[in-house]
Structures are given as C-alpha cells and as structure tokens.
Amino acid sequence: MKKKKCIAMLLAGGQGSRLGTLTRHIAKPAVPFGGKYRIIDFTLSNCVNSGIDTVGVLTQYKPLELNDYIGNGQPWGLDRNRGGVHILQPYARTSSKSWYEGTANAVFQNLTFIERYDPRYVLVLSGDHIYRMDYGKLVAFHEEKEADCTIAVIDVSKEEASRFGIVEADDAGRIVGFEEKPKHPKSTKASMGVYVFNCEALKRYLTEDDKQDASSHDFGKNIIPAMLAGGCRLVAKEFLGYWKDVGTTESLWEANMDLLNPTCELYQADENLRIYARNEERPPTFVAEGAILENAIVTKGCEIYGQVTDSVISGGCVIEPGAAVLHSVLLPGVYVEENAKVQNAIVGKNAKIESGSLVGEDNDDGKKTPITVVAEKRKKVSKTV
Amino acid sequence: MNMMGIIFSNIYDERLGDITRRRTMASLPFGGRYRLIDFVLSNMVNAGITNVGVITKQNYQSLMDHLGSGKEWDLDRKVDGLFILPPFGDGQKSVYRGKVEALWGTRRFLERSNEEYVLLADANIICNIDYQKMLSEHVESGAQISIITKRESIMGQKDARDVIVRSDLSGKVKEVLMHYGIPGVASCGIGMYITKREFLLKLLYEANSYNLVDFEREILQAKCGELDIHSIEFDGRILRIGCVEEYFCANLALLEPEVRKEIFFRHGAVYTKILDEVPTRYLKGCSLKNSLVADGCTIMGEVENSVLFRGVYVGTGAKVKNCIIMQDTKIEDDVSLEYTICDKDVCVTKGRLLAGAAGHPIIINKGKTI
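Sequence lines, in order, name chains A and B. For the first sequence, our numbering gives the first residue as 1, with consecutive numbering after it. For the second sequence, our numbering gives the first residue as 1, with consecutive numbering after it.
No wet-lab data here; the hints were simulated from the structure. Relax, there's no trap hidden among the hints.
Reference excerpt, derived from the structure (chain A facing chain B, CB under 8 Å, subset only):
| no. | residue |
| --- | --- |
| 1 | Tyr267 |
| 2 | Thr285 |
| 3 | Val287 |
| 4 | Ala291 |
| 5 | Ile297 |
Here a beta-carbon is modelled for each residue, glycine too, at the ideal position from N, C-alpha and C.
Put together the whole structure using the sequences plus the hints.
Below, the structure written as structure tokens:
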C-alpha cells in the first residue's frame, strides 16, 4: 500500500442521546442539517477540500443509515483506488469481542488500518461538528512547530467553557495544561475535537492507554493528559471561523438558524470548497403566487404555497396555502397542510403537520423558547425541552 | 432489459439559433437544473436499459462534460453502460448528414451489443415515458419498426410536424408524412423508434448500398408499404423543443403543477449532473410568484413566472418576469427583465432594462455582460 502523508480517523460512533427522537433510528453524524446535508458532510468535505483522500470512519451506534449514506464515498470524491473512505466498525477477534469503548479505544482497535498506510500524521476528527476548516494548514502548522500533537482550539465564552475540553497554552502556543469539562476553567480556549498526531506518538500512547484498566480510553480525558505528563510537545492552533457542536436539540436548531445570517461563512459560495453530500434526485423548488419567503433557506424539490420566515427547509417539503413555518427547521419530506403553523421547532423526516394544527411555542414573553421536536414519519407531536 | 438505446444528440441543433450555437440540442439547459438529454436518458435508465450510445456530431464538449462517466444515471458500468459515439470518418466522407449515416458510423457498436431490440431516440422531446411498456407493445404488434406517436392538434402548415403517421385501426402505418401540417388532430412522431437490432443493421447495410441519408424520409416514408411499420400511441404529456419559442414555452409549462407531476415523477425520477450547490437563500424583501428555482441561488428581488437555474443571483430591487435565467447568471440590483432568456454566466449590470415580448423572447448569449 502506498504510503500516505496524512490520513484521517473520523469518529462517528456517537449516539447523540441529547438529540432525542432525531437519533432514535440513526447515528448523530447522519442527522440532516442545513437543508441538504448530514452533519458528517462538513467533516468529510473538509477532508477532501484539504487534500486528505484517506479517511477511516468509525461507526458503532445504529450504523445502517450512516454506512449506507457514506457508501463507497463517491459523493465526496472518496471512491479512490488507493485510499478513499473506509467504514471501520467494531469486529470480533479470535480471543475477544469488544465494542468501541471511548474515542481512544476506537482508534486503538483500528491501528492495523492506520499502519497499512504508514502515515506520518494522523488527523483525529469528530463527526458531529459543523465547521469548515483547511486541515492542510493545521498539518503544516503541526510540522512547523515540530509538535507531537496539535489541537485546534476555539475561543468560547466563560460560561460555556466548562462544557468543553479546555486548553491552557503559553504565549508561544505550547500547551501546558488540559482539562476535560473543568468546573473552574483556567482559559477560554476550547478543544474542537480536531487533533493532529505524529503517528508514532499516537500509536505509543494508545497502546499504553489500552493497558490501563482504569482509563476511560478517551482522547480528552486520557490520551492528551498522558502525553502532557509524558513530556510530549503539544501545541494549540486557534481557529477563527465558525464552529458549532450540535450535540443538543437547541444547538442543532441554533446552528441551522446561524445559516440564515447572510454573512455566515458556511454557505459562502466557493467553487473550490464545496460542501459535498449524497444527492437526492429532486426537481427545482416551486414557489407559488401568494407564497411569502422572508429570510429562508429552501432546498430543491419543495412546493411553497404558504409562508416561510427565518427557517431552513430541506428537500421535498410541501407548505400548503395559509400554512406558516417560522423560526423552524424542516427535515426532508415534511408536509405542512393548510393553515397549520410551525414555530421554533425541528420537524423530523416525512412528518405531516395536519391542517390547522399548531406546532411549537411562541416566544412572545421574551424568554428563551424551548425547541419542539416532531418525530419522523409520525403524526403525534412529542416535546423535548 | 433486452433493449439498448441510441440517442441522437445533435438533432435539429440549427433550429434554436444562438442557444445551441455552442452546444448540442441534447445539452441544452432546461427546467432549472437539467439538460434535454437527461429526460430521454433517465427514461431509458428507469426502464432498465443499461446500454446506451449517444451519437454526437459537433460542439459536444458541453455534452461530454455533462455526461461524464454516466454515474449520475448509474451507467458507469463494467458491462455495458454509457458510450459516447463521435462521428466516424472513413477518409472520404466528413461528418454524417442524416440519421442513417450517423447509425452507419456506429454499426460496430450496434454489432457488438447483445440486446435483441434497439430504441432510437431524439433528445428534443421531453416526456416521462415507460419504455418497457412501449417495447411490449412493439413485440406484441409483431411490427418490424414501431414509431412512437402522440395525438396532437395541429394548427396548420406553420405548425407542421416532422413526422405524421396515418395508420389503420390495428396500428399498422399506411402513410408517413414529413414536415406536414393541415389543421386537425393527427398522430405525430415524437422521434422515438423501436426495432430489432439485427433488423436495423440489415436496413443500414442496405441503405448504405443505396447511399441513403435520411432515416425518416428514405426509410420510413419511402418503404412504408414494403416494411411492417406500426405506431404506438403515447398517452402522456410531451414538451416539444423545435424552436426558441417552443423552448421558452416548454420551460414555463413546468410552472403548472400537473405538468411537473407528469414530467418529473410519472415513471421515475429525472437524473442530472450533480453540482453540489448549497440550498437557495431567499432574503428579506424578496418576492416570488409562480416560479421554479433551483439550488444555489440568492434572491433579493422580485421573480415572477420564471425559471431560475442553479446559482442564479437576483439583486435588490431587480424585477425578473417571464424569464429563463440559466446557471450562474447574475442579475444585479434594480435590473428589470421581461421575456428574456439569459444563457449561462451572463451578467446584467445594475439598472438595465430589457424586455422581449410574448412569443419573441430576447436571448442573451453565454458569458455576456450587459
């Protein structure tokens, strides 16, 4: 097998339990986002746009739809003869059977895959974040700093800091401390879950970590602290663009709403940096006389007769006359019947909102409105807060 | 599927003037995100045809770019698949003059294929047709050649059709009329023929010995009495693209829900080249009425009775009415367009006013800045 300079290991096994009904049948990276994408499309497209053509996708939780979606990688140009995309699922061995237990363990169980390509660097990514990044620059930075590990970090607010892995770095960017979800964060530089490792160092620390029974086999909790303790050279590279962890219903909704801002960089047209996705064949969208579209993102295959305000509409949705969709996200194939109103909601795939019904809560009182989630293919409305 | 397909990509190029000057009829953009060939090709694929030859003549770069390896139509195959058949010169003749010569140039492809039947189709008729049903009707009739027809009302000589057939009750064709139009209802050919591959080859060898050129005139019409030709009636909707006005009207016909349902969904989806555009953004202050909009557009102005292709930009205060705006065209602020066809990559600069008239749309050529 031809040696690769850098390959990516994309962690896509997360259950995404905080997304409730949206991940009842599918893994979090396969959740639809932004009209025509799945969450994982952003990371996969970043890889391709960064010149990385070998990606191992580690799946575990409800993988059928995700595996199907990725397929041979053709939509991302990852159907390569040398390299390309590989679905890596836990497998039985002669002596033991084991699921992936933690992010580090998942990569550890696939060291043979990494060794086949014998790369100098391994990029470890997470399949549930929305951002556009040139990993090539990150790898170049890693090389220049002669680091063992480079962590991409983003500045978050003080209040949010305790939700993330917090990186403490000196003025030169060298990491001096790392704490996973600290109660009293020492900085506001949060790890984005994007790591570049020297392959040799990664292999060494993963193998050592595997021997520790007490370890939870997690990159943030175990590997990074162990590397720091072991005297490795870890550096932080600050990312200045848009990045969002869409782990909860609220953050998924917010990230969709962020797209509506015309200056949002995610949807800026760039011939060479497209976001790729598996295509669903649909004709263009029809907008009827009497339709109202105010600050909306609408994908192909829709029929709009009613009102869409501040919302993201996925492919194949129908909004009948008199119906209104406000501050909401419709996943593919949603049918909103006459005079129904959907507000502050995420409506699951193929759901039908019956004529005259009201989905979601008003935000008239100025308080933060809870986001209503309508489950896919079911008429009943279930509410999560 | 025991039938292969042959598509004539350059058929009637000359009739559409500027919009087909630098491309084939088959690669003419249509319906917001398609090229004409997508319809006939998707119909073939949806019927289970996996061996398709596309006959080209000239200016087929855009067509090759569009078709690529055929993967969007699932025709990137080890066995069979999509074959682009450029003109085959033998030293004396230059490019072919008619369908017979075109087919003669591709006889090796026909000989090499294994299917029993062959479907010959033009690219300029848009419909969603079940070729499997057409084939069973052909087999059942026992005819040597079947002409697929559509009952249409003809206004007169100005509304003439290329092929009109008169057949008896059993469907056997008694007379083939060319470029003919007397007022009334007639069975008009829609440029699709089914025959046995071996029989077509026999016809071609014979035609070559007589130096025949025109399939419709010199075979179908001339040998109407001699051959057993049947017509098969297609009961669905067709959109005919024979001139600029028809092209314009056919695009706008898609604004009717019934037409969309029929053309885009009846017997299966219509596949096209994927461009990975982001969804379309409708900004505050935009106004849309009765329009078809593809992905990747940014709309700030007013759009009415129009078809917008992928990646079109309509600026603030711009008014686009009864227009066809092709891929990546930019309509700047305060522009007013009526009855205009903007080809790809056109830029209409701020404040311009352009208006054609019903029946006489203005055409702005590819890449032009106005």
